[in-house]
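Asker: Add 146 to the 1-based position in the sequence shown for our numbering, that's all there is to it.
Read the hints as simulated data drawn from the structure, not as lab findings.
Because the structure is a prediction, the values reported are computed rather than measured.
Note that CB positions come from ideal geometry on N, CA and C, so glycine has one too.
All the given hints hold, so there is nothing to weed out.
Label pairs and their in silico Cβ distance ranges:
(1) G174 <-> L231: 31 to 39 Å
(2) G190 <-> V258: 19 to 27 Å
(3) A224 <-> L171: 30 to 38 Å
(4) G197 <-> P172: 19 to 27 Å
(5) A188 <-> R230: 20 to 28 Å
(6) N255 <-> V196: 23 to 31 Å
(7) T257 <-> G164: 34 to 42 Å
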Amino acid sequence: MSTHSSPSSPDAIIALRGVQKAFQLPDGQRFDAVHPLSLEIARGDVFGLVGKSGAGKSTLLRLINLLERPDAGSVSVAGRELTRLSRRELREARQNIGMIFQQFNLLQNATVYDNVAFA
147 MSTHSSPSSP DAIIALRGVQ KAFQLPDGQR FDAVHPLSLE IARGDVFGLV GKSGAGKSTL
207 LRLINLLERP DAGSVSVAGR ELTRLSRREL REARQNIGMI FQQFNLLQNA TVYDNVAFA
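Using the sequences and the accompanying hints, generate a full structural model.
Answerer: Next up, the structure:
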């Protein structure tokens with residue numbers, strides 16, 4: 147992963163440029179969940195995200211589909227910059243973005259395949 151901000155390649159299905167996210171803790175301190183990050187994932191790539199608890203993995207995934215808005219930077223999926231979309235446009239764009247949470251409760255008695263197929 148690099149921290150430079152270059153145009154995404156035409157093969158990138160997911161592109162993050164200079165993305166940052168911080169949260170304010172209950173004691174008022176700032177927690178930098180995602181430091182400036184640029185990342186491209188090409189169509190067909192298998193991408194793994196590994197790290198300690200609290201390292202920002204879930205936050206990064208939530209930034210990709212804009213369940214969390216980045217404090218800085220841009221997020222593009224399939225060539226469309228999600229960070230510039232209106233709420234309505236983002237809702238429409240999310241119809242083509244899938245994500246399985248670490249602990250999801252969609253259909254508890256169904257297999258992962260059945261849950262994904264249901265969506």
